[in-house]
Amino acid sequence: MKRFLYVAGLPLLLALGWFFLSKGSENFYAPPLSDILRAFVDTWMPERLRADVLPSLVRLLSGYIIAAAVGVALGVAIGLNRRLRATVEPVLEFFRAIPPPVLVPVIMLFAGIGNGMKIIVIVFGCVWPILLNTVEGVRAVDSVQLDTAKAYGVRGLASIRTVILPSASPQIAAGLRQALSIAIILMVISEMFAASNGLGFTIVQFQRSFAIPEMWSGILLLGLLGFALSLLFRLAEGRALRWYHGLRDAQRKS
Amino acid sequence: MLEVQGLRKVYNTGGREAEALRDLTFTVENGDLVCLVGPSGCGKTTLLRCIAGLLTPTSGAVRLDGHEVSGPPPGLAMVFQEYGRSLFPWMTVRDNVALPLKQKRVPRPRRDELVGQALEAVGLAGTESAYPWQLSGGMQQRVAIARAVAYEPSTLLMDEPFAAVDAQTRADLEDLVRALWQRLKVTVLFITHDIDEAVYLGRRVIMLSSSPTVVQDEITVDLPAERDQLHTRADPRFTELRTHVYEQIQAAKRGRTEPAEG
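So the protein lines, in turn, are chains A and B.
Just so you know, the first sequence maps onto residues 1 to 254 in the working numbering.
Just so you know, the second sequence maps onto residues 1001 to 1262 in the working numbering.
Hints in this document: simulated from the structure, not taken from any laboratory.
Wrong hints could be hidden among the right ones.
Said to hold, decoys possible - If you want the ones that stay clear, here's a sample from chain A, every Cβ over 10 Å from chain B, calculated: (1) F4; (2) P11; (3) G24; (4) S25; (5) A30; (6) L92; (7) A97; (8) I113; (9) V144; (10) V163; (11) P213; (12) R239; (13) L247.
Unchecked claim - Label pairs and their calculated CB-CB ranges: (14) A73/A - T1013/B: 27 to 35 Å; (15) A73/A - N1012/B: 28 to 36 Å; (16) A73/A - Y1246/B: 54 to 62 Å; (17) T1013/B - V144/A: 51 to 59 Å; (18) P11/A - E1152/B: 44 to 52 Å; (19) E1113/B - A174/A: 37 to 45 Å; (20) T1045/B - R85/A: 22 to 30 Å; (21) P11/A - A1164/B: 46 to 54 Å; (22) D1023/B - I65/A: 52 to 60 Å; (23) V102/A - S1129/B: 24 to 32 Å.
Beta carbons: idealized from backbone N, C-alpha and C, even for Gly.
Turn these sequences into a full structure, and let the hints steer you where they fit.
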C-alpha cells in the first residue's frame, strides 16, 4: 500500500491538479481536462487504434529491432577489432552528431514517403546509442574471462555468444533503453512530415482542424504509450539481467 | 609429459624491450605434481600463459605430450587466481562447469554425468543451479576446480589459485588438490608464491629466479605421499625443505645463484 502511494502519488496529484486548475477553462487551446478525457474516450476507439496506432507501433518496433540487430552486430565487430575501431570511430562520431529529424527530407527523396522512409529514420536515430554502448561493453569484457574461454577452447562465434555478448549485455541494455525513447520521438516526427496514418499524423491533423481536445488526447496517448513501452522494457531487462543485478547486490554487501 | 625448453619471452612495449623470461627449461613427468615458486614479479604469469598457449614465446618451446603448444592445447585445463573473474557470473554453477564440455561436443548425458561427478568431488553437490556470486570465495574456487576436473585434462595448470582465500579455506583447498591429484592421476603444475604451500603440495618444487627468469633450483620433496596439514607441517624434513626453498628464493631476490645444498 505504502509502495503504491509512493509510485502513484505524484502522477495522481498532477492529474488532479491539472483537472481542477483547468476546470471551467475558457481558453480554446487549453480546454478542461474533463473535455480532453471525454475526447480521449471518443477518439481512440478500436477502429482508430487499428488504423493509426497499430501502423505507428509496427514502424516503431521494426525500426527498433533493425537498429538493435545492426547496432549490436556492428558494435561487436568494432569492439573486437582495434584497427576497425580506429578507422570508423571518427566517422561514427560525425554521423551520431547529425540530428536524425534533419534527415527526414533527405531520406524522403530516396525512400519516398512510405513505411520504408519512417523505418529508416527510426533506425538511423536509434542505432547510435546501441552501437556505441555495444562497442564499450565489448571492449570492457574482463581479460580473465576471455583467457578462461580461450584456455578451454571456446573461440570465435561460441565465444561471442557465450562470453562476449553476455558480458556486454548490461551496457547493451543501457543503449537499448536510450534508443527506445529516441525511437518513439522519431516515429512521431517522421509521421508528421508525410504520412496518411499514424499517431503523429493524427495529432497534426487534429491540430490543423482545430480539434484541440482531440489533439491533447493524442498527446496523452503518446505519453501513456511511451510509459507502457519503457515499463515493458524494464520488465524484460530485469528478467534478462537478473544475474547482473544479483552480482551487483552481492558485491555491494561484501 | 610437459616439456618447457629454452623458453624466452621479451615484451615489446612502446619501443622498449622488457625481458620477462630469459631461459627456462624443465619437464613435468606424467602424473607428477610440480610446484613452481618464485619471488613476486618473477614472470610466473607470463610462463603460465605461454604454457597454456595464450601467449607466444619469443623463442624456445613448450611441448605437451609431444605436441608443440601453439594455441590452447585440448588436454590442458586451467585454474586462475581470480576465481571471481574467471567464472562467468551470467551462468549457473552447472553451466560454468559444463561450458568447456559443450565446446568439446561431449553428448548431453555424459556431460551431466561429468558435471555431477566433478561437483561431487569438490564437495559442492547440490549447488548446480546457484550462481557463482551467491557462493563464498572458497566455494567459487571449488567451482573453478570442478570445471577443470570435469574437462578430464591430462594436465592441470593452477595459477596461484588460493592466493585470494582465507587461511583455513586455503588449507582445505590444498588437501582437495592433493586428493584430486592422487585420485585422477593428472599431471599438475601448481604456481604459487607461498613456500610452505609449495613444499606441502608438491612432489617436486622448482624455484624460479626474479625476472628475467631462469630456473634457480629444483628439489624433490621426499615427504610421505600421505600428507596432512598437522603432521606433515610438523615433520622436521618439511622444515628442512622449506628452509632450503626459502634460502633459494631469498638468493633469487638478491639476484644470484647460491650453491644448492641439502
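What are the numbers of the hints that this structure violates, sorted from low to high? 9, 10, 13, 17, 18, 23
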